[in-house]
Amino acid sequence: MILGPQAPAVVERLGWGLCFRLGLPPTRAARWAWLADTHVSADPTANCHGVRPVAQLERFVAEVRASRPTGVLVNGDLAWESGELGDYSRLADLVQPLRARFPLVLVPGNHDRRANMLAQLGGMPRRDPGRIAAIVDQPPFRLVALDSVAEVGDVGGEIGADQLEWLDGLLARAQGRLTLVFVHHPGESTSEGCRDFQDLQTIALSHGTVPAIITAHDHEFAVARAGGLFLIALPALGFPFDPATQCGWIEACCSAEGARLYPRGGLSGPVRSLFWEEGARAFLASRTR
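Letter by letter, the sequence shown follows residues -9 to 279 in the working numbering.
It is worth saying that the hints were derived from the structure and are not from the lab.
All residues carry an ideal CB built from backbone N, CA and C; glycine is no exception.
Check each hint, because a few of them may be wrong.
Unchecked claim - Ranges of calculated distance between the beta carbons of each label pair, as one might list FRET restraints:
id : residue 1 : residue 2 : range
1  : 188       : 4         : 16 to 26 Å
2  : 263       : 2         : 17 to 27 Å
3  : 151       : 234       : 36 to 46 Å
4  : -5        : 48        : 31 to 41 Å
5  : 15        : 87        : 31 to 41 Å
6  : 258       : 117       : 19 to 29 Å
7  : 233       : 3         : 40 to 50 Å
8  : 213       : 233       : 31 to 41 Å
9  : 16        : 145       : 13 to 23 Å
10 : 146       : 13        : 30 to 40 Å
11 : 21        : 118       : 11 to 21 Å
12 : 263       : 114       : 16 to 26 Å
13 : 182       : 217       : 13 to 23 Å
14 : 180       : 32        : 26 to 36 Å
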């Protein structure tokens, strides 16, 4: 779903769910804040390994706001465990400083309950909407967020044939538009990944305009290449699975030539520079300090 200070996003009802659409002015370089796995609880004392997601988000919201991004995207697992109304109510309060200034794209994860998410964050009727997708057009870029939630409580994910067919058609109708695809579940996971992720990769490669798929779920930042795509796994913001793993967020500066990924928050490490050629067929990856 998409929230923010601009004109309200257009909401389209499709056979498999809802699609939120927002258009932004063209830009040569876009700066987005990419967050994931906030795991906000109605209880501010809820913690994992002594790390409290509510305190984490309070801290990082101020940092994200100060960076003045084009927009903010949270790639799933917004809620603590099972997507209760109180979780989203607290989340709404915490992200209000971002929502008041920037487009805010919220992607469902396996700990989210779609009806509660839409009701508390978007003021929509509390009923099962089906899957929730989002499109942000910001020429020459397009961000497409998919819904990989099979059902609440199922750790693994599945995009589904209907949503994949829709994506295939979307990519076919906009030749030449660079498209970054976001989905919560990766193909391979330390817990359980997306069961039809290979189908997503096949569709992305067949059009030649998708340079990267950005995932979350495993609470650890990583960049890899597979079959001509960058696979970017975002760090968790809420808490780590492994106490030695760093939490934080990514400032992504994207142009038609590539992207630079800056570790922010509690993350350390080099900036990742990703380069793609027109058509998104040939890639190089480098690291700079």
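Here is how each hint holds up against the structure:
1. 188 <-> 4: 16 to 26 Å: 23 Å, holds
2. 263 <-> 2: 17 to 27 Å: 36 Å Cβ-Cβ, so the 17 to 27 Å window is violated.
3. 151 <-> 234: 36 to 46 Å: Holds, since residue 151 and residue 234 (Cβ atoms, about 39 Å apart) stay within the stated range.
4. -5 <-> 48: 31 to 41 Å: 21 Å, violated
5. 15 <-> 87: 31 to 41 Å: Since the Cβ atoms of residue 15 and residue 87 sit about 22 Å apart, the hinted range of 31 to 41 Å is violated.
6. 258 <-> 117: 19 to 29 Å: 44 Å, violated
7. 233 <-> 3: 40 to 50 Å: 44 Å, holds
8. 213 <-> 233: 31 to 41 Å: 23 Å, violated
9. 16 <-> 145: 13 to 23 Å: Violated, at about 40 Å.
10. 146 <-> 13: 30 to 40 Å: 34 Å, holds
11. 21 <-> 118: 11 to 21 Å: Because 35 Å falls outside the window, the suggested range is violated.
12. 263 <-> 114: 16 to 26 Å: Violated, at about 40 Å.
13. 182 <-> 217: 13 to 23 Å: 21 Å, holds
14. 180 <-> 32: 26 to 36 Å: Holds, at about 27 Å.
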